[in-house]
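Residue numbers (this note's numbering), protein chains in the order written: chain A, 1 to 450; chain B, 1 to 398.
No wet-lab data here; the hints were simulated from the structure.
Since the model is a prediction, treat every value here as computed from it, not as a measurement.
Virtual Cβ for every residue (Gly too), placed ideally from N, Cα, C.
Mixed in with the good hints, there may be bad ones.
Simulated DEER-style distance windows between Cβ atoms [said to hold, decoys possible]:
| id | chain 1 | residue 1 | chain 2 | residue 2 | range |
| --- | --- | --- | --- | --- | --- |
| 1 | A | S371 | B | G38 | 41 to 49 Å |
| 2 | B | R352 | A | G436 | 53 to 61 Å |
| 3 | A | K387 | B | A184 | 36 to 44 Å |
| 4 | A | V413 | B | E342 | 51 to 59 Å |
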Amino acid sequence: MADLSTLFAGRIRCPNPFWLASGPPANCGDQVMRAFDAGWGGAVWKTLGEPIVNVSSRYSSVDLNGQRMMGLNNIELITDRPLDVNLREIGEVKKRYPHHAVIASLMVESRREAWHEIVRRSEDAGADGLELNFGCPHGMSERGMGSAVGQVPEYCAMITEWVKEVARTPVLVKLTPNITDIRRVARAARKGGADGLSAINTINSITGIDLDTFIPRPNVDGLSAHGGYCGPAVKPIALHMVQQIAVDPEVGLPVSGIGGISGWREAAEFLLLGCQSVQLCTAPMHWGFRIVEDMIDGLKNWMDEKGFRTVEDFRGLSLPRIQDWKDLNLNYKIVARIDPDTCIGCDLCYIACWDGAHQCIHIDGHASPESFAEASRRRIATTPIPKLDGVAENGSHKTPPERIPCVDEDECVGCNLCWLVCPVEDCISMERVETGLPAQSWEQRMESKC
Amino acid sequence: MEASRCLFCFDAPCTAACPTHIDVPRFIKKIATGNLRGSALTILDSNLLGLSCSRVCPVDVLCEGACVMHRYNKQPIEIGRLQRAAMDWFYAHNPSLPVAPENRAKRVACIGAGPASLACAAELRRRGYPAVIFDRNPLPGGLNTYGIAEYKLRPPDSLKEVELVRSMGVEFRLGVEAFAKIEAIECEFDAIFLGIGLGPTHRLGIPGEDLPGFIDALRFIADYKTSSIPVGRRVVVIGAGNTAIDAATAAKRLGAQEIHIVYRRGEAEMPAFEYEYEIAKLDGIVFHWWTQVKRIHGSESVESIECARPDGTIFNLACDMVIPAIGQSRLVDFLARCRGVEVREGRVVINRETGQTENRKYFAGGDCVNGGREVVDAAADGKRAGIGIAQWLEADHG
Numbered sequence: 001m002a003d004l005s006t007l008f009a010g011r012i013r014c015p016n017p018f019w020l021a022s023g024p025p026a027n028c029g030d031q032v033m034r035a036f037d038a039g040w041g042g043a044v045w046k047t048l049g050e051p052i053v054n055v056s057s058r059y060s061s062v063d064l065n066g067q068r069m070m071g072l073n074n075i076e077l078i079t080d081r082p083l084d085v086n087l088r089e090i091g092e093v094k095k096r097y098p099h100h101a102v103i104a105s106l107m108v109e110s111r112r113e114a115w116h117e118i119v120r121r122s123e124d125a126g127a128d129g130l131e132l133n134f135g136c137p138h139g140m141s142e143r144g145m146g147s148a149v150g151q152v153p154e155y156c157a158m159i160t161e162w163v164k165e166v167a168r169t170p171v172l173v174k175l176t177p178n179i180t181d182i183r184r185v186a187r188a189a190r191k192g193g194a195d196g197l198s199a200i201n202t203i204n205s206i207t208g209i210d211l212d213t214f215i216p217r218p219n220v221d222g223l224s225a226h227g228g229y230c231g232p233a234v235k236p237i238a239l240h241m242v243q244q245i246a247v248d249p250e251v252g253l254p255v256s257g258i259g260g261i262s263g264w265r266e267a268a269e270f271l272l273l274g275c276q277s278v279q280l281c282t283a284p285m286h287w288g289f290r291i292v293e294d295m296i297d298g299l300k301n302w303m304d305e306k307g308f309r310t311v312e313d314f315r316g317l318s319l320p321r322i323q324d325w326k327d328l329n330l331n332y333k334i335v336a337r338i339d340p341d342t343c344i345g346c347d348l349c350y351i352a353c354w355d356g357a358h359q360c361i362h363i364d365g366h367a368s369p370e371s372f373a374e375a376s377r378r379r380i381a382t383t384p385i386p387k388l389d390g391v392a393e394n395g396s397h398k399t400p401p402e403r404i405p406c407v408d409e410d411e412c413v414g415c416n417l418c419w420l421v422c423p424v425e426d427c428i429s430m431e432r433v434e435t436g437l438p439a440q441s442w443e444q445r446m447e448s449k450c
Numbered sequence: 001m002e003a004s005r006c007l008f009c010f011d012a013p014c015t016a017a018c019p020t021h022i023d024v025p026r027f028i029k030k031i032a033t034g035n036l037r038g039s040a041l042t043i044l045d046s047n048l049l050g051l052s053c054s055r056v057c058p059v060d061v062l063c064e065g066a067c068v069m070h071r072y073n074k075q076p077i078e079i080g081r082l083q084r085a086a087m088d089w090f091y092a093h094n095p096s097l098p099v100a101p102e103n104r105a106k107r108v109a110c111i112g113a114g115p116a117s118l119a120c121a122a123e124l125r126r127r128g129y130p131a132v133i134f135d136r137n138p139l140p141g142g143l144n145t146y147g148i149a150e151y152k153l154r155p156p157d158s159l160k161e162v163e164l165v166r167s168m169g170v171e172f173r174l175g176v177e178a179f180a181k182i183e184a185i186e187c188e189f190d191a192i193f194l195g196i197g198l199g200p201t202h203r204l205g206i207p208g209e210d211l212p213g214f215i216d217a218l219r220f221i222a223d224y225k226t227s228s229i230p231v232g233r234r235v236v237v238i239g240a241g242n243t244a245i246d247a248a249t250a251a252k253r254l255g256a257q258e259i260h261i262v263y264r265r266g267e268a269e270m271p272a273f274e275y276e277y278e279i280a281k282l283d284g285i286v287f288h289w290w291t292q293v294k295r296i297h298g299s300e301s302v303e304s305i306e307c308a309r310p311d312g313t314i315f316n317l318a319c320d321m322v323i324p325a326i327g328q329s330r331l332v333d334f335l336a337r338c339r340g341v342e343v344r345e346g347r348v349v350i351n352r353e354t355g356q357t358e359n360r361k362y363f364a365g366g367d368c369v370n371g372g373r374e375v376v377d378a379a380a381d382g383k384r385a386g387i388g389i390a391q392w393l394e395a396d397h398g
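For reference, chain A alone in the conformation it holds in the complex (with noise of 0.2 Å):
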C-alpha cells in the first residue's frame, strides 16, 4: 500500500500531503483538530496578526450549471480573534496533535520590529513552521500589507530577510498571482532567504452583479469590493504559476500548491509538477473535512495502480513534458475519428467544426449547417399513431444515419474542439496518423533554413 507521509522543506512531518489553506477552515483550533480527527496532514492557520473587524457579507460565487461554487469570492480579512487566543490554540493543537503540522501564517505591518515579534510568538507557541501571507489582495493591501508586499519584489526580499533574522522553523512565502511575472517575487523570496513558497493565492476579482439591483456581490450594505477567486476555476492558473516557479533555476525552493484542488485528482496534478504539499480551502468550506478520505483513499489507490510506494515517487514527473512551443513537433498529426456505433446523433461536433473550427466535419448530402438544418424544416411531421398510420410505431433509438458526422481526415487539423464537445466519452477519439516525417520543432526548422 501507497504511503503518504510527507517531509516538506526537509523539515515539516506530516502523514500526508493534504494541508486546510491558511482561511476560514482553519480559523481555530477545534476546527484544526476535527480536521486532523478527520485525516488532513497539516493546517495552515488562519493569518494571524494584529485583529481587525470583517464586513458581513464576504463571500460570493460563480455557479456554472447548477454546479454550485466553481469559483469562490470572499473579502474577508485575516484573523479576527485575538493573538494570545489563536496562539493558545496552537498550543494545544500540537500538543494534542504531535506528528500533524501546523504552520502559522503571519502578517504584520511593514516593521522590522512587527515581524520579529510574530515570528517568536508563534514558534514558541509551538508552530512547525511560518508562511508569511504576501499574498492576501483585498482589503489588507489597502493598508500596504498582504499582496502589497507580494506584488514588489524588493519589499518581499526585505520582509524574508527580516523573519530569517528570528526564525527557527522553516519559512514560506506565499505568493500573490496578481502580478505579471510570479518568478520574480519567487525569486526575491528565494533571494530573501525563504525556505519554501506556497502558491498561489486568490485572484483579484469580481464575482458579478445582481441585475435587479446593480449591486455586485458579495453586497456590503449596497456597495461591494474587490476580493479574492479562488475555488475549482483557478486551478489552470495556478498549475501554470506552480510550474513557472517549479523550474526555474534561480528560484529552487520546495512548493505548496493551492488552487482550484477539490479532491485527489487535482492534488496529483500538482504534486505531478514538484509540488510537496497542496493546500485546499474552497472544497472543505463547501463539502466539509469530510472530503480527505477520498483524498487519501484515491491517491493511495492511483499510486497502487501506477506502482509509486511513495509521493517522491512521482513528484515532479510531468514537469519535463512542459517545454516552450517552440520545442513542439510539428510533423505530429492527429485527427478526430468518430464511432458510429456510439454517437447519439446530437451533431454538435458538426456545428462546433463548422463555426468554431476548420470546416472539416460533415453530414452527407449536406453542404452546409444551414442546407441540413433547413431540410429538417421542411420536413412534414406528424404525431405517430398505429391505427391511422397502419405500421407499430418503432421503438428503437437507434442514432439515425444520416445524423452521424463524417471527418475529413485530410482536412481534419487535429485540433481536439469535436473531442472536447462531444459527450459521450470515447465516441470521438484523436489518433495518431503517419506523416512520413521525422519529429521536427519549429526552432529546428528556422535553424535548418539558415
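Dock chain B against chain A, hints included.
This is chain B only, laid out in the frame that chain A set:
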C-alpha cells in the same frame, strides 16, 4: 436544473419530431439563462398552441421520444415540463404577441374554432390578413375546450389561448352554424380554411342506443368540462382509445363507483397510448378484452349491457350508464357543400405543404384532414395552411 441538462443539439431531433418544429434547444437554453419571455416567444413562434400542447402532447412518441439522451442511457430531457414552465410564465405575465397591421384587403374565414383554425388565423394575422373564426358552439377552442380530459387541460387554459388569438385581432363568430351559411361565407371571404374536425361518435347500431343513460363520449366529456352532468354509479365505456380512457377517468372523477371498459379486440391492439392505459389502471378501471357489445337492456333507462366473448359466451354487465367511444364519424354532409373540395375516405384531400384543397379557395387542416390526431398536428396543419393562404392570396390575388 433540468434546462441545463439539455445538450443543445444542432438541428435537434426533438425539433424535427415536433409537428410544429418548435426550436426545442433554443427555448430550453432561454429557460436556462432566465430569459422566460424569450423562451415562450420561441415556442409560440412555431406553435401558437404551446400551452395546450405542453399539457396534452404525447411527448413520449414526439420530442422526448426523439431525444438523443435515450441513446446515451440517460433520461430524456423533460421537454414537456419545461415547455409548461415557459408557457405558465408567459400567461401569468400580460400575454401578448406582435402582429402586423391589418393592411390587406383580402379576408379569410376559418370554420371551426379548434386548434387548427386558431393556428391558421394567428398565422394570417402575423402576415397582416384579417381573419374571422366561425364555430357552432358557444365557447371557442374546439376539442381543447370541450373534448380533452379535464386532468390534462382545463377549459380556462384552452380559453387563454383563444384570448391570445383574439388579442391578435382575430374576430370570433360563435354559435353560428357555418354549415348552413357556406354560400354567404364564400361571398364574403377570399379564402376559407376548414378546421371542422370530425363528426359525432359513430353509432353502434345495436338495440337500446336511445335509452336514457346512453351518452356519446365526447358529449359526456364536454358536459363534464363545461357544465354539470350526473354520472351513473356503474359505468360501461365501449372502446379503448384515448377518448375512451378520458371518458372513463372523467366518470371516475364524477364519482362513479364501478367502471368497465369493453373492447372488441385485445390488450395489444388497444389504440390508447401506453401512459393513458396506466392512468386508467391506476383508477381501478376494469378492462374486458375481446368483447363485443350485443344490446343494451333497460325499460326506462339503461340497466345492463349484453356482451359476447369470441367463444360465444354471453354475459351481462349491470350498469346505469353506457358511454360509446368508438371513434368519430366524418363530417361528410358538410364537406359535400364545399364545392370542389375533394374528400377521400371522409378526409379532406390537401397539399400537405400549403393546406390547399382541390378548390383553390379552400384550405383545410386538423382532424378533418388527418383523420383524428393530436392537438399539435392540428396546430401544425393550421400553421402551414395560414402561411399557404397568405402566399396564395399574395401571389394569385395580388
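Here is what the structure says about each hint:
1. A:S371 x B:G38: 41 to 49 Å: Roughly 26 Å apart at Cβ, these two residues miss the hinted range, so it is violated.
2. B:R352 x A:G436: 53 to 61 Å: Hint holds: Cβ distance 55 Å, inside 53 to 61 Å.
3. A:K387 x B:A184: 36 to 44 Å: 38 Å, holds
4. A:V413 x B:E342: 51 to 59 Å: For V413 (chain A) and E342 (chain B) the Cβ distance comes to about 57 Å; the hint holds.
In summary, the one numbered hint that this structure violates is 1.
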